[in-house]
Amino acid sequence: DAGITQSPRHKVTETGTPVTLRCHQTENHRYMYWYRQDPGHGLRLIHYSYGVKDTDKGEVSDGYSVSRSKTEDFLLTLESATSSQTSVYFCAISESRAGGRYEQYFGPGTRLTVT
Amino acid sequence: ELKVEQNPLFLSMQEGKNYTIYCNYSTTSDRLYWYRQDPGKSLESLFVLLSNGAVKQEGRLMASLDTKARLSTLHITAAVHDLSATYFCAVDVYGGSQGNLIFGKGTKLSVKP
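Chains as they are written, first to last, in the working numbering: chain A, 1 to 115; chain B, 1001 to 1113.
The hints are simulated quantities; they were obtained by calculation from the structure and are not laboratory data.
Be aware that a few hints might be false.
[As the list claims (entries may be wrong)] Calculated lysine-lysine pairs in the DSS-like style (CA-CA distance at most 27 Å, straight line):
hint, chain 1, residue 1, chain 2, residue 2
1, B, K1112, B, K1003
2, B, K1003, B, K1056
3, B, K1003, A, K57
4, A, K11, B, K1105
5, A, K11, B, K1041
6, B, K1041, A, K57
7, A, K57, B, K1105
[As the list claims (entries may be wrong)] Short, incomplete list of chain B residues facing chain A, as computed with Cβ under 8 Å:
hint, residue
8, S1042
9, V1048
10, L1101
11, F1103
12, G1104
13, K1105
14, G1106
Glycine included, every Cβ here is placed at the ideal spot set by N, Cα and C.
Whenever a hint applies, use it, and build me the whole structure from the sequences.
And the structure:
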């Protein structure tokens, strides 16, 4: 499982409240990613990080911010949650493999419901 | 805008039959990934295809990549119920280590006895 944990695993929150999801990895991977998964859309990249304090936007970054103050933790924050942010959120890391290839491994996911 | 299209999106097949899932993408890339997802679970890496003509096989699944046609296929041979899952292809946009993946919408496979 590439040593990835996510917390919380399930959360129900009200519209307008801030929410922070945490991704923790134990294997010192440089690259970390946040995706959301919605029916009919597959997975879409929200933000990614290529090192401590180095982050960039993905395909669907509006309404989300991220922080990475330590290699092992990548936080995703919804400043003011909306119902459209109800989704399953996956964290991923990128791990190098033989032959110059990289594979992404995914955490267990966080199911977020905004009421 | 990079698009990754899978078809079919839903596939119901009988055990013992063969079928192919197609993944088309709209920009140049030489890295393509296939993942499997069981209901309520995370994604499991199946194959990484790195070059034109790459073919990988694991059990009853075989994946191939044609970068000139911008097409990857996932072929299922003699399907069994345990293969029921959703299968995603994903294309690496930038290559290298950055690994920003664009996913298809997934193909939900149901294998019936």
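Tested hints:
1. B:K1112 to B:K1003: violated (31 Å)
2. B:K1003 to B:K1056: Measuring from Cα to Cα gives roughly 23 Å; hence the hint holds.
3. B:K1003 to A:K57: With Cα atoms ~18 Å apart, K1003 of chain B and K57 of chain A stay inside 27 Å; holds.
4. A:K11 to B:K1105: Holds: K11 of chain A and K1105 of chain B sit about 25 Å apart, inside 27 Å.
5. A:K11 to B:K1041: Holds, at about 16 Å.
6. B:K1041 to A:K57: Within the cut-off at roughly 26 Å; holds.
7. A:K57 to B:K1105: holds (21 Å)
8. S1042: holds (5 Å)
9. V1048: Holds, about 5 Å.
10. L1101: holds (6 Å)
11. F1103: holds (4 Å)
12. G1104: holds (6 Å)
13. K1105: Cβ of K1105 of chain B sits 4 Å from chain A, so the hint holds.
14. G1106: At about 5 Å, which falls below the 8 Å cut-off, the nearest Cβ of chain A leaves the hint on G1106 of chain B intact, so it holds.
Comparing the model with each earlier hint shows a violation of hint 1 alone; every other hint is respected.
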